[in-house]
Structure formats: structure tokens, C-alpha cells
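Residues 347 to 472 in the numbering used here are what the sequence shown lists, from first letter to last.
Source of the hints: derived by calculation from the structure; they are not laboratory data. Glycine included, each C-beta is placed from N, C-alpha and C at the ideal position. Hints may contain errors.
[As the list claims (entries may be wrong)] Restraint ranges, calculated between C-beta atoms of paired labels, are given here:
hint, residue 1, residue 2, range
1, Thr367, Pro392, 18 to 24 Å
2, Ala389, Leu411, 41 to 47 Å
3, Thr367, Ala419, 35 to 41 Å
4, Val385, Ala457, 28 to 34 Å
5, Arg369, Arg463, 30 to 36 Å
6, Ala459, Pro405, 43 to 49 Å
7, Pro372, Arg463, 19 to 25 Å
8, Val385, Pro405, 20 to 26 Å
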Amino acid sequence: MSKPTDSPEARSWSRPGIWSTARRIPVGYIGLVLAVALVNEIAGHPSALDATMTLVAFPGDTVVLVTLIYPLAILVGDDTVDEEVTFSLLTPLLHGAGALVNVLVVWGVIAFARHFRNEARSSRSR
Numbered sequence: 347m348s349k350p351t352d353s354p355e356a357r358s359w360s361r362p363g364i365w366s367t368a369r370r371i372p373v374g375y376i377g378l379v380l381a382v383a384l385v386n387e388i389a390g391h392p393s394a395l396d397a398t399m400t401l402v403a404f405p406g407d408t409v410v411l412v413t414l415i416y417p418l419a420i421l422v423g424d425d426t427v428d429e430e431v432t433f434s435l436l437t438p439l440l441h442g443a444g445a446l447v448n449v450l451v452v453w454g455v456i457a458f459a460r461h462f463r464n465e466a467r468s469s470r471s472r
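Construct the complete structure from the given sequences, taking the supplied hints into account.
Below you can see the structure in the form of C-alpha cells.
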């Protein structure tokens, strides 16, 4: 019997040092947004930091709010979405999910551009 070998592709995530800059930047962005949103929640929503958090996670948190939070509130019949709550972990989670949506949108745009570039190159070489 032959000894099974571990291919480097199958174990790439488990090896130390495999995290490239292309992976560290999105993970750092999401972590930073979550941390600042949690600090903002603990500090009691200072007005300057609220605007900054909305700007930092802009398209993503709006997408999460409109596609998940508002329909869920309508289905449950909860009308406290617009009311001021003293302390809630929903806001940091909303900004973190918005940051994740932003990362996924950028990833999708880059993947589409690479696919388009590869198709253009292959059509020119024919």
C-alpha cells in the first residue's frame, strides 16, 4: 500500500504563515469595524462616531438593514426598530455584517474583473 500524501492545496489554510495581505486586509477591516462599533455602543453613541460608523460600513450595513432587519421586524410585528435603545449588540453586529457584505462585494467585483480579463485574453489568442 502506498502512503497517502497531503497535497499543499488541501492543507493550505492549516499551515502557519499562509495568510497573505489579500486575506489580512479584509479580516482586519471587519475586525476593526466590529471593535469600533462595540466601543461606540459602550460609549453611548457619541454623535461624531455614529456618522463615522455609518460612513465606514455604508453600502453593506444599509443592504443588511433593508434586506434582513426591516423584513424580520415586519414579520415579527416588532415596531422598536426606530426607537432608541440604551444598549444593544444589534448595532455592532449590523456594522460587522455590513463590513462583511462590503468585503464580499469587492471580492465579487475582483473575481468578475479577473474572469473578464481571462476571457478577453483567451478570445484574442484564438
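_Those earlier numbered hints the structure runs against, lowest number first_ = 1, 2, 5 and 6
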